[in-house]
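> Residue-level listing of the chains:
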Amino acid sequence: MDSLQSYLTIAAMLFSMGIYGVVTRKNAIAILMGIELILNSANINFIAFNRFGGMQNLDGHVFSIFVIVLAAAEAAVALAIVINLFKNVGSVDVDAADLLKG
Amino acid sequence: MAEYLFLFMAALVIASAFWVVFSPNLIHSAVSLLFTLFGTAGLYVFLYADFIAATQIVIYVGGILVLIIFGVMLTSKIDSPSIASSSANQFIGGMGAFAIFVMQVAVIFNTPWNIGSEQSRDATVGSIGKLLLTDYLLPFEIISILLLAALMGAALLSRRN
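Going down the list, the protein sequences come from chains A and B. Using our numbering, read the first sequence as starting at 31 and increasing by one per residue. Using our numbering, read the second sequence as starting at 345 and increasing by one per residue.
Think of the hints as simulated: they come from the structure by calculation, not from any bench. All C-beta atoms in this analysis are idealised placements derived from N, C-alpha and C, irrespective of residue type, glycine included. One should not assume that every hint holds.
Stated by the list, open to error - Rough simulated footprint, nothing fancy, chain B against chain A, three-plus residues with beta-carbon under 8 Å:
no.	region
1	37-44
2	64-75
3	81-92
4	95-103
5	107-119
To be verified - Take a look, some chain A residues computed to stay more than 12 Å from chain B by CB distance:
no.	residue
6	Arg55
7	Val122
8	Asp128
9	Leu129
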């Protein structure tokens with residue numbers, strides 16, 4: 031049970047549910063939550079490979095720290111954009127953001 | 345005991361992630377994301393990544409999730425009883441996501457992974473600190489500047505004019 035494949039399967043489930051959320055949700059913040067799920071699944075993969083790959087250093091851990099920092103920056107910028115979208119369009123429905131359409 | 349704990353963590357992660365993407369109420373999605381992040385931190389503990397588990401709880405649960413809930417609160421009418429979040433293209437999206445999952449599982453179980461020797465279970469904080477200040481010094485500094493720039497840009501963008 032405590033094998034590489036079980037962790038990779040959990041990460042694959044998280045990834046495909048995140049993809050589903052990004053594709054089907056209409057609310058911009060719900061799409062952001064799907065992206066967080068995808069980043070988490072990538073992190074699980076990094077750390078699982080670091081543990082089971084037989085390497086003696088911790089490169090996977092450092093990489094997942096970078097991913098977490100990028101997720102923080104991405105969440106801050108995305109929420110600023112969402113709040114501006116709400117101010118300009120009056121809703122956070124991504125279908126309503128079609129101002130660039132000719 | 346550890347076996348059951350691992351199964352519990354995995355089930356928690358999967359079930360709460362399911363509810364994140366399928367819940368019709370946005371606040372329920374956000375609260376469910378909390379459980380997903382905590383369960384992921386538990387999985388990190390099982391992978392001997394103590395520092396990453398603590399970082400996950402501090403940054404994701406303490407920072408990003410609070411930011412997301414603030415975003416939900418700021419962009420919906422708070423007096424409405426349920427903050428709805430509708431979905432579209434559920435069939436096509438579901439089929440696409442399921443196809444991706446099947447492909448990933450096929451790759452996971454057909455690849456002869458190079459399983460190495462068991463990693464030591466020492467604390468990882470010291471080694472990560474040394475790596476960040478020797479091998480990964482340049483990426484560390486670059487990502488610090490990126491985080492600073494992103495936070496300043498976010499503050500500037502969301503300022504009231």
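> Compare the structure with each hint and give your call.
Here's how the hints hold up against the structure:
{"no.": "1", "hint": "37-44", "in the structure": "holds (count 7)"}
{"no.": "2", "hint": "64-75", "in the structure": "holds (count 6)"}
{"no.": "3", "hint": "81-92", "in the structure": "holds (count 11)"}
{"no.": "4", "hint": "95-103", "in the structure": "holds (count 8)"}
{"no.": "5", "hint": "107-119", "in the structure": "holds (count 8)"}
{"no.": "6", "hint": "Arg55", "in the structure": "6 Å, violated"}
{"no.": "7", "hint": "Val122", "in the structure": "5 Å, violated"}
{"no.": "8", "hint": "Asp128", "in the structure": "14 Å, holds"}
{"no.": "9", "hint": "Leu129", "in the structure": "17 Å, holds"}
Hints 6 and 7 from the list above are not met by this structure, while the remaining hints are.
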